[in-house]
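Participant: Each chain, written out:
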Amino acid sequence: MEWIIVLIVVAVLAVWIISMYNGLVRLRNQVRNAWSQIDVQLKRRHDLIPNLVETAKGYMTHERETLESITKARAAAMDAKSVGDTAKAEGQLQGALSKFYLVVENYPDLKANQNFLSLQEELTSTENKVGFSRQFYNDQVMQLNNRIESVPTNIVAGLFRFEKSEFFELQSPAERAVPKVSF
Amino acid sequence: MFELIRANKRKSAWLIAVLGSILIGVGYAIGFLLAPEDPAVSALFVIIAVVIWIGMLLASMAGGEKILLKTAKAREIQKADAPQLYNIVEEMCIASGLSTVPKVYIIDTPDPNAFAVGLKPERAAVAVTTGLMAKLNRDELQNVVAHEIAHINNRDTLFMTLAGVTVGAIIILGELFWRSMLFGGRGRSSGGGRGGNQGAAVVMIVAVLMAILAPILARMLYFACSRRREYLADACAAQYTRYPEGLASALDKISGQAAQRTKKAETSQVLAPMYIINPLAARSRKAGWFSTHPATDDRIRVLRGMTSSASLEAYEQAYRALHGKESVMTPSMLKQSKDQSVRDASKDADAGTQRQWREVQDLLHKVDQYAVLACACGMKMKLPPEYDQEKVACPKCGRAHPLPPEMLAALAAARMGRK
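Quick mapping for you: the protein sequence lines, in order, are chains A and C.
All residue numbers for the first sequence refer to numbering that gives the first Met the number 0, where the first residue is 0 and numbers rise by one.
All residue numbers for the second sequence refer to numbering that gives the first Met the number 0, where the first residue is 0 and numbers rise by one.
Here chain A stands alone, though its shape is the one from the complex:
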């Protein structure tokens, strides 16, 4: 009689552990998916930038430095590998782009250019998409990390070596230094 009770307890325990393990695996996959979505959007932004610089060049003859800094930041961002490096490089690129948007205000001809306008909508949207995919990624990371830390899933996570994921924060010193201007 006793061994039946023991068997039932063991079975219930096993089911419980399996479901916790599966939950962790699902969350980890969601984090990975979310990361690949960020990657897609960052690549898209990298692809749009040469076009933007090319269009702007003809109008912004006095802003060679600004345009060069964008090109340089783009190259650096494309080379970055880890989550932390990418976040830093992308932060720098974001900073360079917001500087660019500030000076664009001085070039009404450029602002009226149809090609530039559609590029701007694409870039704005890509930036939004980067932001939203980052937001989604960070939410998923938060959930995964919470699970890994809290009882009782922390035991299962420790047993099967689930690692906490890194948040993706775009806060770079360069970005923070850009003054906020409202028009």
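Hints in this document: simulated from the structure, not taken from any laboratory.
Mixed in with the good hints there might be a few duds.
To be verified - Computed list of lysine-lysine pairs in BS3-like fashion (alpha-carbon distance at most 27 Å, straight line):
#  : chain 1 : residue 1 : chain 2 : residue 2
1  : A       : Lys42     : C       : Lys78
2  : C       : Lys381    : C       : Lys395
3  : C       : Lys10     : C       : Lys119
4  : C       : Lys102    : C       : Lys252
5  : A       : Lys42     : A       : Lys110
6  : C       : Lys252    : C       : Lys72
7  : A       : Lys110    : C       : Lys78
8  : C       : Lys102    : A       : Lys42
9  : A       : Lys110    : C       : Lys365
10 : C       : Lys381    : C       : Lys78
11 : C       : Lys65     : C       : Lys8
12 : C       : Lys379    : A       : Lys110
13 : A       : Lys110    : C       : Lys102
14 : A       : Lys42     : A       : Lys56
15 : C       : Lys102    : C       : Lys69
16 : C       : Lys65     : C       : Lys102
17 : A       : Lys87     : A       : Lys98
18 : C       : Lys78     : C       : Lys365
Got chain A; can you put chain C on it based on the hints?
Facilitator: Same frame as chain A, now just chain C:
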């Protein structure tokens, strides 16, 4: 987010189960009233009820979206037609974690509104009216789209359709009951009482009440769920965009417009709960028992009550602050991160209503395959595909323009495509 979707699915399954049991109960009650002594008749009516139900479910599952979009006169657009709208839809898919981008439709009407359909996210579609595109700025449009994406992501488009169909089946059964009572059923049922048997009389009254009240009850249950889903979609929209004020001001603009409207919009009852605000109802202060949507002012007040954070918890708190003890979300839905701060309004979000109207008109012309011919005086002539002449005179300066051959060919092709 996924916690919320799962919690929602569970609740929806409950709703369908409850409505299904009401349906079966009504079937049984009808059978019982028609022939109290014969259980076979009751069984027969239960089977009839189930057959009607399943038939209607199958009909709505086999391409119901297409029919709904067609009755709303919605037309599908591609990214090249309206890049901004399309981008916004993509943005909200990313923010919500929806893996497939729904199809995008536009409806040519000045009434600002939007709806979503789709039993599965893979088959989903979002439709917005041209009036909505013209009147809202980018942030507001983004929030309205977020609300619709939330309906898709929370599977409201699936379960509210199934629930709506079930309620429809219950109502049909109720009608059936009245008809059968009028034609011949009456004589037999009064003879069935046979006097003195009090227990049978009580059962009889209960059955009559069931047959009368069940359709009303089912409808009330359905509408209560619909209203709750609206709050939930608002909460999710705020969470996706991190900008609740955008949805609040969008709702304000939309409902302000709806109050001016004189004639009722052309739409079906089934579709009404899927709109951002009910196109069939007037703006009211308070939602009644049979409203598909909560009062718009109430939704706006809850959204404006979220000051510190854009998370679901913040929405729940704002809701409680307004409604006392009631809540819209169960604890299992709230299992997620708390740190979701509200963002600032995007700059340059407002392109100006005038410009937006022009852009929407251009979009419509593009979808309708108009040809555009520029005159030397600066006039742009937009020719509909119905235009089958080879020349056109400028209405401003009177210059005659022969149409280039490729334009003639394009117009002819558009004419053919329309037929």
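Participant: Please verify whether lysine 381 of chain C and lysine 78 of chain C have alpha carbons no more than 27 Å apart.
Facilitator: holds, 22 Å
Participant: Keeping to a limit of 27 Å between CA atoms, is the pair of lysine 379 of chain C and lysine 110 of chain A held or broken?
Facilitator: OK: lysine 379 of chain C and lysine 110 of chain A at ~22 Å, within 27 Å.
Participant: Can the restraint linking lysine 102 of chain C and lysine 42 of chain A be considered satisfied, given a maximum Cα separation of 27 Å?
Facilitator: holds, 24 Å
Participant: Check whether the Cα positions of lysine 42 of chain A and lysine 78 of chain C lie no farther apart than 27 Å.
Facilitator: Within the cut-off at roughly 19 Å; holds.
Participant: Next pair to validate is lysine 102 of chain C with lysine 69 of chain C; report whether the Cα-Cα distance is within 27 Å.
Facilitator: holds, 14 Å
Participant: Holds or violated: lysine 110 of chain A with lysine 102 of chain C, Cα cutoff 27 Å?
Facilitator: At roughly 31 Å apart (the allowed maximum being 27 Å), lysine 102 of chain C and lysine 110 of chain A break the hint.
Participant: Run the distance test for lysine 42 of chain A versus lysine 110 of chain A: straight-line Cα separation, threshold 27 Å.
Facilitator: Holds: lysine 42 of chain A and lysine 110 of chain A sit about 25 Å apart, inside 27 Å.
Participant: Going straight from one Cα to the other, do lysine 42 of chain A and lysine 56 of chain A come out at no more than 27 Å?
Facilitator: Since the Cα atoms of lysine 42 of chain A and lysine 56 of chain A sit roughly 22 Å apart, the hinted pair holds (cutoff 27 Å).
Participant: When you check the alpha-carbon spacing of lysine 110 of chain A and lysine 365 of chain C, does it fall within 27 Å?
Facilitator: holds, 24 Å
Participant: If you draw a straight line from the CA of lysine 102 of chain C to the CA of lysine 252 of chain C, is it 27 Å or shorter?
Facilitator: holds, 25 Å
Participant: For the pair we were handed, lysine 10 of chain C and lysine 119 of chain C, check the Cα-Cα distance against 27 Å.
Facilitator: holds, 17 Å
Participant: Between lysine 252 of chain C and lysine 72 of chain C, is the straight-line Cα distance small enough, at 27 Å or below?
Facilitator: Roughly 23 Å separates the two Cα atoms, so the pair holds.
Going through the hint list in order, the structure does not satisfy hint 13, though it satisfies all others.
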